[in-house]
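Protein chains in written order, with this note's numbering: chain Y, 1410 to 1739; chain H, 647 to 902.
Read the hints as simulated data drawn from the structure, not as lab findings. Glycine included, every Cβ here is placed at the ideal spot set by N, Cα and C. Certain hints may be false.
Said to hold, decoys possible - Some but not every residue of chain H turned toward chain Y, in silico, with C-beta under 10 Å: (1) Ser-680; (2) Ile-721; (3) Met-751; (4) Gln-798; (5) Met-799; (6) Ala-807; (7) Asp-843; (8) Leu-859.
As the list claims (entries may be wrong) - Anything over 12 Å on all C-beta distances counts as not near chain H; from chain Y, calculated: (9) Leu-1456; (10) Thr-1462; (11) Asn-1478; (12) Asn-1493; (13) Glu-1498; (14) Ala-1504; (15) Ala-1509; (16) Val-1519; (17) Val-1613; (18) Val-1621.
Said to hold, decoys possible - Keeping only pairs whose Cα atoms sit at most 27 Å apart, straight-line, the calculated DSS-like set for lysine-lysine is: (19) Lys-735(H) - Lys-1700(Y); (20) Lys-795(H) - Lys-735(H); (21) Lys-868(H) - Lys-1700(Y); (22) Lys-1630(Y) - Lys-768(H); (23) Lys-1652(Y) - Lys-797(H); (24) Lys-797(H) - Lys-1551(Y); (25) Lys-1634(Y) - Lys-868(H); (26) Lys-1700(Y) - Lys-1728(Y); (27) Lys-1553(Y) - Lys-735(H); (28) Lys-768(H) - Lys-1598(Y); (29) Lys-1630(Y) - Lys-868(H); (30) Lys-795(H) - Lys-827(H); (31) Lys-1598(Y) - Lys-868(H).
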Amino acid sequence: MINNLQLPPWALWAMVLALIVFIAMVVISVRRNHGIKRSLFASPYILWMFIFTLLPCVLIAYYAFTDVNGHFTLDNFSSFWDSNYIMRENLRSVAGDEMAATVARGSVNVDTLVYSLWMALLCTVVSLILGYPAALFMADRKMKLGPTLVVLFIIPMWMNFLLRTIAWMSLLEDNGLINAFLERIGVGKVQLMYNQQAVLLGMVYNFLPFMVFPIYTSLSKMDPKLAEAAQDLGCNDMLTLLKVTMPLSLPGVISGITMVFMPSVTTFFIPRVLGGGNTRMFGDLIESTFKTAGNWNLGSALSLIMMVLILISLSILRKADPNGEGGGIV
Amino acid sequence: MKRVFKRIYLALILIFLYVPILVLIVQSFNAGKSRAKWEGFSFHWYQELVSNASIMNALWVTVSVAIIATIVATILGTLAAIGIYSMKKRPQAVMMTITNLPNTMPDIVTGVSLMLLYIFAKVERGYFTMVLAHITFDVPYVVLSVLPKLKQMNTHIYEAALDLGATPAYALTHVIIPECKQGIVTGALLAFTLSLDDFTISYFTTSPLVQNLSTLIYSATKLGISPVYYALSSLMFVVLLVLLLIVNHRTGDNKG
């Protein structure tokens, strides 16, 4: 099996050295003008992407379909569907089928995935509802606020995202500022942290700018004459918004949805800090499978499932925006 | 009336974005350790910050990794963009798919897959593996910022340079690269900020012995976070803000 290949530790160094030599060769031959083809400039990049992007993806698939000894197996996927699968199979080999039948299906992994998708969907919807008007007002040409506001939206993202999330902790916790305020006005303490709403708040807070930027970009690219024409032809403001502006900003909306949905499904720091272990999400599960349980095979299977799900949802979204004109970050 | 409503709405969103940051900055000057009670103004946490060896070490790791990764990624990515630009249609499409692949992969999958690569290659994780990982997630962003500038470029300029006697190498360094300079700078800045702020990928590609700020903060949250970290983030925030103002001011001067 591949495991027996035993790449020595200097293999990676050798690859990097080869890369450096390659770059040097390209540079020298360009300098001496030996007429090197310019498309060859991409070859160090191709090599790099092969080693550090494609090969790792292949490795995830490899570990997902093998057991600890490197033999082909589908057990990891069975364990995803039924977290008691391994336990039951062990019991079967020791105590027979009857005993094995007493172990019920464990749905932890599937439930976590469904819960993560639900939370990510909620986060995306809330971000869209909050972010679309913001982008719309930013793009308002009469107010001329756009460029300044873009900067104001970017600045908070410079503060380390872990610390930004922790800052919410000091606002929400039992002895935090909001509770101190509530006590002073006589409402009394309210449990604000360690629940679903706190996690959702943290997610929306962190990902909202990723919704606003692409929508703002596609709105500000829009020809203002189109909206004016709609109004000349008798549309009121609301109708212009619904029939002209919104459809034209669709590429930005789709790009925003992808940029919010993807990190929301996979985040593991936010649920851990603000959810305090009460709400487990899929990224959380992958992390602990790798780091705490040290089960790379199951962890790889979970990652593979997540990747496939994301690729499917991306291709569905792409269909809605066939030209791929989504704005992206400004 | 409508305009007032729009302004109020935008102000509320901005307040939502800035309140936690302001809270952090205020608390970094709080003499006590409590997060809810104000116990007087002091620079206590800033003094503690400077004398905290593990934070200073992590700061050094973060900044040096970001600088190395940005330099390598910018060179690699600019060369790649020029290469991809000169390719025929088919290979170009393949290259664009590969370039977009890391964007569609969640951070955690990138981190985990690189961790598996290092385990597979029997390379001990640490500083070096973290640099490699950062270069890997930075490069596509450089390619994607330089490529549009190349496409906007007038191809006749390059041909004109050759007609006027420039060698292809001279034309490359004196015509093509200056033409896409803006894209290169944007790509490098993007790479630097991404690298500075990364947590997930660093977390999977380093060992507990080599920590950058994000992974250090992560391990600190398990024990209860000290206001020293508030001081640190306020300081970094202000430094970045001042840098931005300087850059803005200088580009403004050049234009005027």
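So is Ala-1504(Y) really clear of chain H, every C-beta pair being over 12 Å apart? With a cut-off of 12 Å, Ala-1504(Y) remains clear of chain H, as the shortest Cβ separation is near 35 Å.
Given the hinted pair Lys-1630(Y) and Lys-768(H), is their alpha-carbon gap at most 27 Å? violated (50 Å)
Is it true that the CA of Lys-1598(Y) sits at most 27 Å from the CA of Lys-868(H)? holds (24 Å)
Need the status of pair Lys-1634(Y), Lys-868(H): alpha-carbon distance at most 27 Å? Answer violated: Lys-1634(Y) to Lys-868(H) is near 55 Å, above 27 Å.
With chain Y as the partner, please determine if Met-799(H) meets the hint condition of a C-beta pair closer than 10 Å. violated (13 Å)
Interface-negative label, Thr-1462(Y) against chain H, beta-carbon threshold 12 Å: violated (6 Å)
Has the given pair, Lys-1630(Y) with Lys-868(H), been kept, meaning a C-alpha gap of at most 27 Å? Violated, because 46 Å separates the two Cα atoms, which is more than 27 Å.
27 Å limit on alpha-carbon distance, applied to hinted pair Lys-797(H) and Lys-1551(Y): violated (33 Å)
With 12 Å as the threshold, tell me whether Glu-1498(Y) passes as away from chain H on beta-carbon distances. Its Cβ never comes within 12 Å of chain H, the nearest being 25 Å, so this holds.
Proposed interface contact between Leu-859(H) and chain Y, which counts if any beta carbon pair is under 10 Å: holds (6 Å)
Status of Leu-1456(Y), Cβ more than 12 Å from any chain H Cβ: violated (10 Å)
Regarding the pair Lys-735(H) and Lys-1700(Y), is the alpha-carbon distance no greater than 27 Å? violated (43 Å)
The structure fails hints 4, 5, 6, 9, 10, 17, 18, 19, 22, 23, 24, 25, 26, 27, 28, 29 (numbered hints given earlier, in ascending order).
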